[in-house]
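Peer 1: Position chain B against the provided structure of chain A, taking the given hints into account.
There are 2 protein chains.
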Amino acid sequence: MTLNLHKALDTIRELAAATPWPETVTPLLPSGLDEAGFWPVGFRSAGVSAAIRYDKRDLMILLSENPASAAAVFTTNLCCAAPVMHSKASLVKSGGRMRAIICNSGNANAATGSKGLADAEAMAGATAALFGLKPEEVLVASTGVIGQPLPIPKILGAMKELPAALLRNSSLDAAEAIMTTDTFPKFLSLDIRLSGGTARVSGIAKGSGMICPDMATMLAFLATDAAIEPDLLQRMLRNANRNSFNAITVDGDTSTNDMVSILAGGNGPSVSEGSRDAEIFSEALELLMTFLAKLIVIDGEGATKLVGIHVEGALSDREAAMAAKTIANSPLVKTALHGQDANWGRIMAAAGRSGAFFRQEEAEILFNGLSILKAGFNADFSEEDAAAILKKPSYTMTVRLGNGPGTATIWTCDLSKEYIEINGSYRS
Amino acid sequence: MTLNLHKALDTIRELAAATPWPETVTPLLPSGLDEAGFWPVGFRSAGVSAAIRYDKRDLMILLSENPASAAAVFTTNLCCAAPVMHSKASLVKSGGRMRAIICNSGNANAATGSKGLADAEAMAGATAALFGLKPEEVLVASTGVIGQPLPIPKILGAMKELPAALLRNSSLDAAEAIMTTDTFPKFLSLDIRLSGGTARVSGIAKGSGMICPDMATMLAFLATDAAIEPDLLQRMLRNANRNSFNAITVDGDTSTNDMVSILAGGNGPSVSEGSRDAEIFSEALELLMTFLAKLIVIDGEGATKLVGIHVEGALSDREAAMAAKTIANSPLVKTALHGQDANWGRIMAAAGRSGAFFRQEEAEILFNGLSILKAGFNADFSEEDAAAILKKPSYTMTVRLGNGPGTATIWTCDLSKEYIEINGSYRS
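Line order of the protein sequences matches chains A and B.
Per this note's numbering, the very first residue in the first sequence carries number 1; after that it's consecutive.
Per this note's numbering, the very first residue in the second sequence carries number 1; after that it's consecutive.
These are calculated hints, taken from the structure and not from any lab test.
Check before you lean on any hint, since a few could be wrong.
To be verified - Calculated lysine-lysine pairs in the PhoX-like style (CA-CA distance at most 20 angstroms, straight line):
1) B:Lys115 x A:Lys374
2) A:Lys115 x B:Lys374
3) A:Lys88 x A:Lys56
Claimed, not checked - Computed from the model, here is a short list of chain A residues facing chain B with C-beta under 8 angstroms:
4) Phe358
5) Gly404
6) Leu415
7) Lys417
As the structure is a prediction and not an experimental result, all values here were calculated from the model.
Each residue gets a CB set at the ideal place from its N, CA and C atoms; glycine is no exception.
In isolation and in its complexed conformation, chain A is listed as follows (with noise of 0.2 angstroms):
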């Protein structure tokens, strides 16, 4: 397993110049790669290794010098991991005030039974105990493989690293260090321009395998110098994952492990309920987890391509992403997007096969804004322009159901042998 952080660097430097980034957002691309500025004030982060499973750092740490607010969402499989329902009962029990978020990769303490349970709260209870916090105040992540009990020794001895390892604050370790699959690590910071000052809000995340319940897991992991109410960010960070992480996809399927997790540390200024400035957070927030979400999907187990399935003229937002979302799930879609074909009768099948409502006389599709078939069945297009579309890495389908207002956009990617390489071998 390399970092590999050529390709993280080249690759988010192009999907940030790609982004219509508004007046009030700045990305700070990685030039110099400061990896101890890319935090807000108030946050330090450290990857070490606890040789969990992996030649590589696997034990993470994202600690806020204040009580933050904190918001989560979690995968909603209900065979979830043992961290996932202990950082859900932490989050209630701390009245969504948290000082830290601990992870490790390489095991994801999923279906291993009240051992799991209590290896989590070992988890935090040492975190607590090295920091001087209380238990509750830490969130507890895990991604790898399922079914096998937590080394929770390595990882006691792992984490006697943390306090020298956090004097770096390096955000690379951090992001190296929840990385299981992956091929390179994901991150980013904004900085966002606010009527009190400039508030940053920064992330990692990691997926591949996407999402592979065995290698497991989309994590992100974000924090802020905004000072925010809890439930504020709660419903902040609910409304940006359903346009970001909930609107990707590579496989269809969904992990144990899911954790999407934001800390409000309060050190910059305040972003209160229903002001301008909640909007202009929100929606740096939106583009931030939108951002990390690409990078998942581009990393996405064999993937080559990023396409964006946008339908509209459904009968409603729900319908549109029906049908969005079986269109980007199709296998016979995806190995198309793979083969480079305008194979319009694939997208109209699955779109019919959705649930969504349509009249297939009156369904249009566009790849990059070309007309691939008219109302009609009309499929007069030139196969010369398609293509040069087909080639790109990233481009947009756009399916019109001519039918209502609904509209939906999926990431996803295509489907490649790799995939199959990747995950038909033996687990071993």
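Peer 2: Relative to the frame of chain A, chain B by itself:
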């Protein structure tokens, strides 16, 4: 495209030997391959070449000497093809009495608008004229490429060869003529011992590309000499379809042209509502359809394994089917099946996101009766014993949710690189 008769005969013989037929049912194994003796008395079939797309027979007819009771189930895809719309209307118009099924392969006549409907009507009209039938007594089916107009002159030209070809009465020619990317023809006949004598029910089917809207579609055409009223026949077909063709999945995609139809000619014994004979016939019909459905999965694109996913202990049959379908369609599970990996974590995670309710600690998983996961996340099994089962070409995975009386069985195949190869290539 080769007919691959050897593979067909081997596969059919093996599957028939592994099927626990009830005492009342005798499968007619293709030993001497009596093509003319395949269909029940009163039926004849033929397949000729109209050179629509493939270098093989591509126009099939199944003809009943009597007006036969007819029943059919069709795709539920909103983007259904012209022949589907036409055949639905004909069944109503004729009061469920039919004389013939005409079917072409190589072109789906789907997404073809009003010209498509006129073309389907033309196929029915020409068939009716040729054999002295009413146009509404002819069911029409098509399978092949979407979005291209049907080459009607070619089809009408080849139709003139049908009367002579019917003298040969070749079931194999008919099975060949409905194939698209299938690698072997699919057929079976059963003799059924009823109180009034022996009835026969015979069927041919095509799948592959399963269920591929591009090369298209799952089709099955069945015939029996039993005398059964259309209403009863329709109910029997719908019930049998639920546990056979509706219980298989290769990639979760459904087509624009799917159609399963049965004609009951009435030369044989009567089967009346509520009788013991009706039960025996229904059971045999479901066995025949399940047999043909399994042949389709075995011939799924890139498939190397036929795996039964049996879910029990769900709150309801509906929830069991949700869990079974989600497991069967999970790319992570399907690649694990391909990799011969007893990856119970992926199975649990798929069940967990299926919408079926259960407590993860109570779930159990078995392969061919070998326990892989016991309640309480006890995964203490012999990897050697598991490997011996997982390397077989066919086996059953049982998932016990420990929650209620609901059960469901779905048949699926693994996901291999060949699937990507077949579906990722350009249309032309």
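Peer 1: Now tell me, hint by hint, if it's right for this structure.
Peer 2: Against the structure, the hints:
no.	hint	result
1	B:Lys115 x A:Lys374	16 angstroms, holds
2	A:Lys115 x B:Lys374	16 angstroms, holds
3	A:Lys88 x A:Lys56	28 angstroms, violated
4	Phe358	7 angstroms, holds
5	Gly404	15 angstroms, violated
6	Leu415	6 angstroms, holds
7	Lys417	4 angstroms, holds
Hint violations for this structure: numbers 3 and 5, all remaining hints satisfied.
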